[in-house]
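Just so you know, the protein sequences line up as chains A and P, in that order.
1 is the number of the first residue of the first sequence in the UniProt record's numbering; add one for each residue after it.
1 is the number of the first residue of the second sequence in the UniProt record's numbering; add one for each residue after it.
If you are wondering where the hints come from, they were derived from the structure by calculation, not from laboratory data.
Please note that a few of the clues may not be correct.
Where chains are identical, the list cannot tell them apart; a pair therefore holds if satisfied intra-copy or between any two copies.
[What the hints assert, rightly or not] Straight-line Cα separation of at most 27 Å, DSS-like style, residue types lysine-lysine; simulated pairs:
1) Lys195 / Lys20
2) Lys253 / Lys277
3) Lys201 / Lys56
4) Lys56 / Lys195
5) Lys20 / Lys8
6) Lys201 / Lys253
7) Lys277 / Lys56
8) Lys277 / Lys261
9) Lys95 / Lys277
There are 2 protein chains.
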Amino acid sequence: MELWYTEKQTDHFGITAKIKQTLVEEQTDFQHLAIIDTVEFGRMLVLDGMVMTTIKDEFVYHEMVAHPVLHTHPNPKHVLVVGGGDGGVIREVLKHPEVEKAVLVEIDGKVIEYSKKYLPEIAGELNNPRVEVIVNDGYMHIHENKNTYDVIMVDSTEPVGPAVQLFEKGFYQGIYDALKEDGIFVAQTDNPWFKGDLIQKVNQDVKEIFPIVKVYQANIPTYPSGLWTFTMGSKTVDPLNIDENNIPELPTKYYTPRLHKAVFALPRFVEDLVNPK
Amino acid sequence: MELWYTEKQTDHFGITAKIKQTLVEEQTDFQHLAIIDTVEFGRMLVLDGMVMTTIKDEFVYHEMVAHPVLHTHPNPKHVLVVGGGDGGVIREVLKHPEVEKAVLVEIDGKVIEYSKKYLPEIAGELNNPRVEVIVNDGYMHIHENKNTYDVIMVDSTEPVGPAVQLFEKGFYQGIYDALKEDGIFVAQTDNPWFKGDLIQKVNQDVKEIFPIVKVYQANIPTYPSGLWTFTMGSKTVDPLNIDENNIPELPTKYYTPRLHKAVFALPRFVEDLVNPK
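In isolation and in its complexed conformation, chain A is listed as follows (with noise of 0.2 Å):
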């Protein structure tokens, strides 16, 4: 017997690995939670039907939700990550020795949980003792803490269950709130290709707030499309304005000082969203 999971990535068209064994299917009090493992692409964490990150392709989007915004600020010593109970991003935060603190905001307990029993290549570092995990609504936490972060990640799921209001425009002012004077922040705005709308709408809202706002780019096989884009907010230091030659070689498997300013040249289709004529 063979085992296919499918995802309809839209009504009409999706992904289809082939399985080795279901790990873990649970509905949370947030989410549908699955963990199976493919042939493929190895362990692959699922929520609400959406793959959240596998062993083989997880290194892209981790490492450039974290390594872009951090090596533009010129000194992140306190990081907030807003969702990414699979530990990640914070395991690439870590890479930065200048980073004092980083604390993950994450509503769903079980992902945190399931991903240290199940993910601990990815989820290793969330018990280093400079992470501070708590379980929580991450819009309430930016609400609560002015003032307080040099840089801020957003790593939510797609714009429905628990994380639609991480999509909202009050949620970008918290954000602004949230950090310090030259605070910047990054969050994951979904594909160009079938969710051209919301990567416009996340720019027009987040251009009202931050006086320097750029999209760029990276490729995830089992994301939608496999092209996806980060919206990256900032208060006083432009990313493109950075020495690449300044930046240090860390151990990554996707990002590169050369890559640094290269992934905001974006294809024209998806130019024209994030700057209408």
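Given chain A's structure and the hints, the job is docking chain P onto it.
Coordinates of chain P only, in the frame set by chain A:
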């Protein structure tokens, strides 16, 4: 009844697309050819069970074969496209007014015939007077035309079936000889997630023949992993020495002058394939 086209991109992973109807399904003298109409990506050309092009995302591949090399060569008058019977690359080549003649050498006349009939948005320029269409073996054509072309583009299928010899070192030597003294060629070289060995081998082979060899990438949702590579071999001009400010804006949906150099910045795991330590 719902019909879905499912393509195994590896033995254990694939894509699946809901279809409206099958327009063509035929065993030609060279390969299995199908044109199906999908809901998400529109009409789709499938050769030997692999998506070659779709109405929705074809612009990426066709633009990214044609424009980087044509904006690198100082004066590309005489262009050869090997394969590419759907006509998409030819359409992009003709956007360059300095190209006087574009020759298409496609081994399978049925690809041309059915593309003209069912994919006119892509194949529509094959009757343009600046185009010469030859139904023949590209490998032979290359070896019979020395010192003839300014630019050669290899728009092949994967290295199975009729395209096997288009990935051999003898073919790249033939291309070198068919190019004029400042000639440049580009070939599609598959994806680094599932076919890293192919990219590595082509790169090694081409480096033994051409003094300047560079790899660049683009996102193509319906191709395996969504990340596609292209290998450029050049006799004298380095694509990274071009002044982007002098590149004219053409009517494109993916390529822009701002992308010209950025697409050569590769993820570290791809860098490591191309420049092994």
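Hints, one by one, checked against the model:
Taking the shortest alpha-carbon separations for Lys195 and Lys20, only the inter-copy value of 23 Å comes in at or below 27 Å, while the best intra-copy value is 31 Å. For the identical chains of this complex, Lys253 and Lys277 are inter-copy neighbours only, at 14 Å across copies versus 36 Å inside a copy, given an alpha-carbon limit of 27 Å. Taking the closest pair of Cα atoms, Lys201 and Lys56 come within 27 Å of each other only across two copies (23 Å); inside a single copy the shortest separation is 31 Å, beyond that limit. For the homomeric pair Lys56 and Lys195, the shortest alpha-carbon distances inside one copy (25 Å) and between copies (14 Å) are both at most 27 Å.
Taking the shortest alpha-carbon separations for Lys20 and Lys8, both the intra-copy value of 20 Å and the inter-copy value of 17 Å come in at or below 27 Å. Taking CA atoms no more than 27 Å apart as the test, Lys201 paired with Lys253 passes between copies only; the shortest distance there is 21 Å, against 31 Å inside one copy. With identical chains, the CA atoms of Lys277 and Lys56 are at most 27 Å apart between copies only, with a shortest distance of 22 Å across copies and 39 Å within one. For the identical chains of this complex, Lys277 and Lys261 are neighbours both inside a copy (23 Å) and across copies (24 Å), given an alpha-carbon limit of 27 Å.
When the C-alpha separation of Lys95 and Lys277 is checked against a cutoff of 27 Å, the pair qualifies only between copies, where the shortest distance is 23 Å, while the shortest distance within a copy is 40 Å.
Checked against the numbered hints given earlier, this structure breaks none of them.
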